[in-house]
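Please put together the full structure from these sequences, using the hints given.
Protein sequence lines correspond, in order, to chains A and B.
Sequential numbering of the first sequence, starting at 2, is according to this note's numbering.
Sequential numbering of the second sequence, starting at 93, is according to this note's numbering.
Watch out, some of these pointers could steer you wrong.
Here are some, though not all, of the chain B residues that point toward chain A, as calculated from beta-carbon distances under 10 Å [unchecked claim]:
id, residue
1, 139
2, 141
3, 143
4, 159
5, 163
If you're looking for bench data, these hints aren't it; they were derived computationally from the structure.
All figures in this text were calculated on a predicted structure; none of them were measured in a lab.
Just so you know, even glycine gets a beta-carbon here, dropped at the ideal spot from N, CA and C.
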Amino acid sequence: MNKLEFIETLRHYLSSMPEEERNELLRDYDAHFMYGLQNGKTEADIARELGDPLTLAREAVGDHFLPPPPWSPPRRDIPRFVGVTIALFFLNLMIALPVFASVWAAFVALCAATVGAFLSPVAFVADSIFESGFALHKLFVAIGSIGIGMLLLPLVRFVGKWLIFATVKYGQWNYKIWRGRS
Amino acid sequence: MDINTQFKKGVLELCVLVLIQKNDRYGYELAEAVSEHVEVAEGALYPLLRRLVKDGYCTTYLQESSEGPPRKYYKLTPEGALYSKELIIAWNAFVQNVGNLIEQGDFPK
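What follows is the structure, given as C-alpha cells:
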C-alpha cells in the first residue's frame with residue numbers, strides 16, 4: 002500500500018468524522034509519511050508500520066460509525082467474459098474433450114470386458130447346444146473367465162468412481178472459471 | 093486480534109504520556125520512540141493523541157522545521173501530568189498484582 006492508498010482508504014473509513022477534524026487527522030498521517038520518507042523509508046514500509054487503515058479508523062471513530070467497506074457492485078466484465086469463453090472453448094475442444102473421450106472409452110471397454118467375462122458361461126452353453134457340442138476345455142475357459150470377471154469388478158468400480166468424480170470436478174471448474182469470481 | 097495487541101493498545105496511552113512528560117515531542121518522533129521499545133501499529137498514535145488533546149491532557153503547537161512540513165508538537169498540560177501520574181501508579185500496581193498472581197500459581201517456568 003502506498004501513501005495515497007493509505008490516506009484515501011483511511012479517508013473513506015473516517016467519513017463519519019466532521020470534515021475539519023478528519024482533514025486534520027489525515028494531515029497528521031500525511032506528515033508522518035513525509036518524515037518517514039526523509040528518514041529513508043519507503044511509502045510501503047511506512048504504511049505497514051502505521052498499520053491497517055480499518056483498524057486505525059475503528060480506533061478513531063469507534064465501531065458504530067464505520068462506513069461499509071469500499072465495495073463496487075459486481076459488474077459483468079464483457080471483454081473478460083468473451084476471452085474466457087473462447088479460451089475455455091479451445092481448451093475443451095483441443096485437450097479436455099479428447100482426453101476425457103479416450104479415458105471414458107477405455108473405461109467403457111473395461112466394462113464391456115467385465116460383462117463379457119461374466120457372460121462367458123452363456124456363450125459356452127449356446128456354443129454347446131447350437132455349434133460344436135460339449136467340450137470340456139471350453140467349460141474350463143468359461144469358468145476361468147468368470148474368475149477374471151470377478152477380479153475386474155472392483156477395478157471397474159474404483160476407476161468408475163474416480164472418473165465420475167474427475168469429470169464432475171472438471172465441469173464445476175469450467176463453470177466457475179466461466180462465471181468469474183463474484 | 094491477539095492478546096498481545098490488546099495489551100499494547102492499552103499501554104500505548106501510558107507510553108505516550110510518559111514520553112511527552114520528558115519533553116515535548118511531535119508525532120513521528122513519538123512513533124519512533126514508542127516502537128523502539130514496543131512493537132505497535134504506529135498509526136494508532138494519532139487517534140490517541142487527538143483524544144488526549146480533546147480531553148485536555150495535551151496541547152499542541154506548530155514549529156517550523158528546516159526540512160519537511162512544520163512539526164506539530166504535543167505538550168503535557170497540568171491535568172495531563174496528573175493523569176499520567178495516576179496512570180503510572182495504576183500500572184505499577186497492576187503489574188505488581190499480576191506478577192504476584194503468577195508467582196503464587198504453580199505455572200511451568
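So, going through the hints one by one against the coordinates:
1. 139: 4 Å, holds
2. 141: Interface hint status for residue 141(B): holds (8 Å vs cutoff 10 Å).
3. 143: Holds, because the Cβ-Cβ distance from residue 143(B) to chain A comes to roughly 9 Å (cut-off 10 Å).
4. 159: 6 Å, holds
5. 163: 8 Å, holds
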